[in-house]
Amino acid sequence: MNKLSRLLSHDLPRSRALAVVLAVIAVGLLVAPFVFPGAKALGVAAKIAVFILLVASYDLLLGYTGIVSFAHTMFFGLGAYGVAIASTRLGASWSAIVLGLGGALVLSLALSLLIGLFSLRVKAIFFAMITLAVAAAFQTLASQLSDLTGGEDGLSFKVPETLSPAFRPTDWLDGRLLTYYAIVLVVALSFFVLLRCVNSPFGRVLQAIRENDFRAEAIGYRTVIYRTWSNVLAAGFATLAGALLALWLRYNGPDTSLSFEIMLDILLIVVIGGMGTMYGAVVGAALFLIAQNYLQELLKLAAGAAGGVPGLALVLSPDRWLLWLGVLFIVCVYYFPSGIVGRLRLQAGGSTSRGDRQ
Amino acid sequence: MSAAAPLLATPANVPKAKFDVVPLLLVAVLALAALPFISPSTWVTLTVAGLAMGMIVFIIASGLTLVFGLMDVLNFGHGVFIALGAFVATTVLGAMGGYMTAPNLTANLLAIFTAMLVAMALAGAVGFAFERVIVRPVYGQHLKQILITMGGMIVGEELIKAIWGPQQIPLPLPESLRGAFVFGDAAVERYRLFAVLVGSVVLAALLFTLNRTKIGLLIRAGVQDREMVESLGYRIRALFVGVFVAGSALAGLGGVLWGLYQQSVIPQIGAQVNVLIFIVIIIGGLGSTLGCLVGALLVGLLANYTGFLLPKVALFSNIALMVAVLLWRPQGLYPVTSR
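The listed protein sequences derive, respectively, from chains A and B.
Each step along the first sequence adds one to the number in this note's numbering, with nothing skipped, and position 50 is 50.
Each step along the second sequence adds one to the number in this note's numbering, with nothing skipped, and position 203 is 203.
Just so you know, the hints here were simulated from the structure itself, not pulled from any lab data.
In this text, all values refer to a predicted model and were calculated from it rather than measured experimentally.
Fair warning: there could be bad hints in the mix.
Claimed, not checked - Partner residues aside, some chain B positions facing chain A, computed with beta carbon under 8 Å:
hint, residue
1, V22
2, L143
3, I154
4, L159
From the three backbone atoms N, C-alpha and C, an ideal C-beta is built for every residue, glycine too.
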């Protein structure tokens with residue numbers, strides 16, 4: 001128990017219900033390939049893992065530092081394109097993956113540093129607008145450089161033999177399974193690193209900046225530097241998540257990693273899961289992706305049942321599920337700013353975030 | 001005894017704020033700088049196109065920048081009103097199909113003005129509800145504002161999809177606004193001229209309201225120093241709601257113009273234009289109306305020139321312009337004091 005507490009940087013769930021949910025998700029991800037048969041289930045599980053990392057990195061920015069960026073998918077896309085481009089150019093090899101990821105990381109870090117230093121001096125609102133513009137430009141750039149990125153069609157590529165479906169050392173193990181567990185492992189390690197980050201003195205300064213940047217500056221912390229660091233860190237982990245997604249799909253295109261819809265998904269997940277609580281990313285990502293992949297069927301049933309009422313059928317149609325998420329999002333921001341995790345912690349009688357308690 | 005003489009604030013000795021003419025000159029310089037690279041007839045065509053685009057963008061962005069200046073509220077959901085205006089136009093103009101296809105300018109204009117009025121009324125009404133439900137509970141909390149108006153944007157876009165469907169809807173120009181006038185070698189599209197005209201009328205109305213009426217005086221004073229205006233007994237909240245509704249209505253009007261400019265409408269139109277108008281108000285200086293105009297004209301002209309000269313670069317001309325302006329004046333062309 002003590003070791004587990006250290007692994008979680010002593011930032012425990014502090015709610016029995018939350019602990020159970022987290023345990024179910026963790027165990028679910030670990031045993032998914034054996035318990036839930038079918039390619040779709042495994043795909044959903046892998047995507048959950050990737051999104052946990054992606055959303056957790058965004059939470060570092062939004063929930064802990066209190067800055068809104070709309071360029072997070074840009075870094076996600078950079079990672080995915082890095083691996084995809086390197087693998088198509090250099091052929092399927094480990095060195096291509098390492099090179100692609102490395103190049104993407106360097107580019108992401110440089111870009112995030114630049115954006116940060118350029119626009120984080122001013123107001124949060126300014127940063128939000130600048131990142132929105134930069135992300136839009138990057139999206140156009142990616143679709144314009146079609147020689148390199150494959151344009152709107154994207155890039156399909158091969159992965160090293162060990163990770164490809166054709167690799168079958170025993171009858172129950174194959175390359176897909178190996179890839180899946182590699183992704184889960186990397187995500188778990190990165191998540192613990194992020195948890196360590198936000199519970200370190202550095203993380204405390206970030207939270208101080210979130211609560212009152214003027215006061216944090218007055219105490220003597222250079223808020224620009226800390227904000228920029230937070231931006232750079234978040235960008236780095238997003239890039240890693242992008243690379244993992246590309247490895248899993250063996251494909252990357254604008255719609256899978258770069259589109260504004262994904263940015264909205266990230267925002268929805270982080271707010272619904274709980275801002276400023278790393279566990280919110282886990283709970284949110286799992287719920288959101290399961291809902292995205294399976295709830296739409298349910299909505300289809302509801303729309304069928306409400307078929308007689310024209311207006312109701314229209315808003316209940318499965319294509320409109322984002323409408324309900326949007327409403328849920330607004331309600332969450334108003335009434336449960338700390339999301340599901342905050343709610344569960346409140347019920348357990350604790351404070352919503354670790355910072356409040358100390 | 002000059003020290004004891006009371007300093008009376010007569011109009012003669014009030015120091016006049018120096019008008020900063022440099023950004024305005026920038027527009028002219030940009031237009032002239034493009035001249036050597038383009039043949040004069042094409043230049044006229046492109047300049048009119050750029051001005052038309054600039055005026056439409058200005059109409060859309062003016063409300064946003066005023067709302068920000070007055071109440072420190074940045075509405076990420078502004079794009080919804082643009083999309084609403086454009087979609088209302090498809091319905092109204094579709095219903096008035098006979099007026100649109102008649103080769104008669106009066107009938108065409110009647111249809112378009114009806115569409116504009118309906119769009120403005122609806123966008124204004126939705127803006128009123130939007131302010132009530134979405135924006136009001138989160139005054140003064142920037143983070144929540146960004147999130148919640150973004151949420152409003154998602155919901156709005158989905159509702160538009162639910163009502164009008166997710167597909168692209170064509171929005172053809174009326175008969176007499178198609179084609180172009182030809183002056184010598186230069187061809188100027190009729191609709192662009194029309195857009196410049198409408199834009200000028202809106203600009204004149206805005207300038208008149210802001211500079212010559214009491215409400216305008218209060219708005220400008222509120223942008224400068226909200227608390228002072230409040231302490232003088234004016235209810236700035238009511239003023240703000242008015243500006244928000246007017247800004248939404250203008251966005252609806254801009255949506256009609258923009259939809260006709262593109263000749264088709266998709267639900268994502270709001271998000272697309274949002275990026276453009278953010279760039280414009282950043283360039284102009286958050287909260288500044290004049291800056292918004294200059295920024296819009298710069299963006300419109302530059303987009304058209306580079307679109308002709310270097311089509312690939314044109315997609316990034318806005319960003320490049322923004323970076324260049326911010327390097328020169330980090331607070332935008334016309335920084336609003338006390339911000």
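>> Which constraints among the numbered hints does this structure fail? Numbers only, ascending.
In response: Violated hint (a single one): 1; every other hint is consistent with the structure.
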